[in-house]
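Student: What follows is the residue order along each chain.
There are 2 protein chains.
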Amino acid sequence: MTRHHNFCAGPAALPTVVLERARDELLDYHGLGLSVMEMSHRSEAFVAIAEQAEADLRDLLEIPDNYRVLFTQGGATLQFAAVPYNLLGAGGRANFVHTGIWGKKAIAEARHLFGDVHVAASSEGNGHSAVPRQDDIVLSEDAAYLHYTANETIGGLEFDYIPEARRPDGTSVPLVCDMSSSLLAGPLDVSKFGVIYAGAQKNIGPAGLVVLIVRDDLLDQACDHMPTLFGYRALSEGASMVNTPATYSWYLAGRVFDWLKHDVGGLSAMDAINTRKAARLYGAIDGSGLYANPITLRNRSRMNVPFVLADPRLDGPFLKEAEAAGLLNLKGHRSVGGMRASLYNAVPEAAVEALIDFMADFEKRRG
Amino acid sequence: MTRHHNFCAGPAALPTVVLERARDELLDYHGLGLSVMEMSHRSEAFVAIAEQAEADLRDLLEIPDNYRVLFTQGGATLQFAAVPYNLLGAGGRANFVHTGIWGKKAIAEARHLFGDVHVAASSEGNGHSAVPRQDDIVLSEDAAYLHYTANETIGGLEFDYIPEARRPDGTSVPLVCDMSSSLLAGPLDVSKFGVIYAGAQKNIGPAGLVVLIVRDDLLDQACDHMPTLFGYRALSEGASMVNTPATYSWYLAGRVFDWLKHDVGGLSAMDAINTRKAARLYGAIDGSGLYANPITLRNRSRMNVPFVLADPRLDGPFLKEAEAAGLLNLKGHRSVGGMRASLYNAVPEAAVEALIDFMADFEKRRG
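Residue numbers (this note's numbering), protein chains in the order written: chain A, 2 to 368; chain B, 2 to 368.
The following block holds chain A by itself, in its conformation from the complex (with noise of 0.2 Å):
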């Protein structure tokens, strides 16, 4: 068995432990005689395994009492329709901080159902280099609550603060996030938010599932004609089993969050290995006459790393060899070329420092 150094955007690596016990437990879990992906979301034993993964998630990121944690299907893009279905029941307009491709694809989702919406700031101007300063954040009157995508996985260009959200006579809104690429890469308060939703598949699990955590005055905002597995509050008082859920995906993010807990340390330990990774690469990055990342240094995402190479048509040579080296998918999203490489919780500093010896390398023989 082979493991190489996966900088996958996503559906991204996961923690080596976290499979091989995946695996001891396949055909088999605890004796039950049966595989988790087989048993009932009903059964005693796999209500376990749920309520377990909650509760690890919510010491993780110390979620207050008055946050509800769901888990649910249909990657973060349907929340891009489910949020506004949720939190527009009483009128107003959805309001969007536009940092990239993310934000564009949540706005339009937002525009295509409601019509109108309110871009209340965007880094479009800057190329998406870096992101809008608090003071550059303008509410409409009439806004609901103010979206942000706190990470966009294909620029690689990442928040360095969370958002105040007042409308223009001061009276705040929720605050929604697009938290996918960046939940769990450190600690988090939640408290300052209305609506976060993730995709599982960067940090916290297979894909197929999202975690959501929802601030529960924001239960009840709904409008009526809505999906009914769209509704927060439907989800929460059905414990997230409205329907059958994504079973495997959901013990796996909890062998995840378990990893994190038990085999990091918890969210402080994540956030120093992430910062240190990043430094890395960035560091080789700007010390090389080779490589560049065009991102503002404060808005440098820590997961997602995109680089382009000085003369393109080494663009093939580098990945070429990159992947003779057992260092894969570092290929950028085929909308902007060039590089990417993910560095999610799950890649260890060891593959992080063999992609950097690689890339002197290259560059010395071929730069």
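Check each hint, because a few of them may be wrong.
[What the hints assert, rightly or not] Here are the in silico distance ranges between beta carbons for each label pair: (1) A:G239 with B:L315: 38 to 44 Å; (2) B:L298 with A:D66: 31 to 37 Å; (3) B:R43 with A:E125: 22 to 28 Å; (4) B:A56 with A:E324: 25 to 31 Å; (5) A:Y162 with B:G317: 55 to 61 Å.
If you are wondering where the hints come from, they were derived from the structure by calculation, not from laboratory data. From the three backbone atoms N, C-alpha and C, an ideal C-beta is built for every residue, glycine too.
Position chain B against the provided structure of chain A, taking the given hints into account.
Tutor: Below, chain B alone, put in the same frame as chain A:
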């Protein structure tokens, strides 16, 4: 490692050989150095997995070329919303045959979203013990499509024929079928249908995946204002990768299709096995003095066999002793009580024999 006999209604038993292979390649798929869970859905390796799964499903069901096969998320329950959104764009009303709890939920969701539906036939009058006959199904003049549930997983009630969907004026409308608990149980004439959908967690794979089979003239009947991800046209054009799909579930579904083709020998062979299993168990029930099943013979489900004990005080001891004998998940759905043995494809004939032996022994001792 122990593998017990698992009669769970879903998430249900998977073939042991499928799980063994998944285990063996969980950390390193075909020497690529990463798990299928850790692959980009757009990678060459995963696209090959996805395409092979579709090809095998097409082959098994002999799906005509003018049908699209789509892999999506959210469970069959999300299709209770997605189907009317996709098919009512040109107006008209959703028509339903109501034969149990799942049909009722589908009706409720369409009514919730579109205000009015037409129930073309119902088996409520006979306590859902026999499905309506063709002559009893009376569509509305404004029917846009007819929806039915091929097999009611909870009631154990299965259609013994494929209904015709014609308005009173004789014009035909698309037939839509929830086949969550019967798809792949045997051969099927797909050409009779407009839309077939099935949650994976019965005969296909792990929970969190939905298989859709859509006739291609129905890709463009959608309402304007529905969530983008619901759209059959969008899913089809995006090769079911409009957003990140449930990659690992898709892979496992592909392994199940491969098992059906190569280990079982196709759907006719599967059909014969399923017929034998069901005949053996219903025979044992009918021949006993303790067990009973209330469904009309021709509509007895081959997949889900509910039965009651003459003395409900024996329910507890029956379940406890069955579990001790390695016969798992025989408890009936919480909404109906009693027992239920689900005999999906992955439940081997030996499991049914073991159950019958246990039932006979229990009756001798306690009946």
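Student: Which numbered hints turn out to be false for this structure?
Tutor: 1, 2
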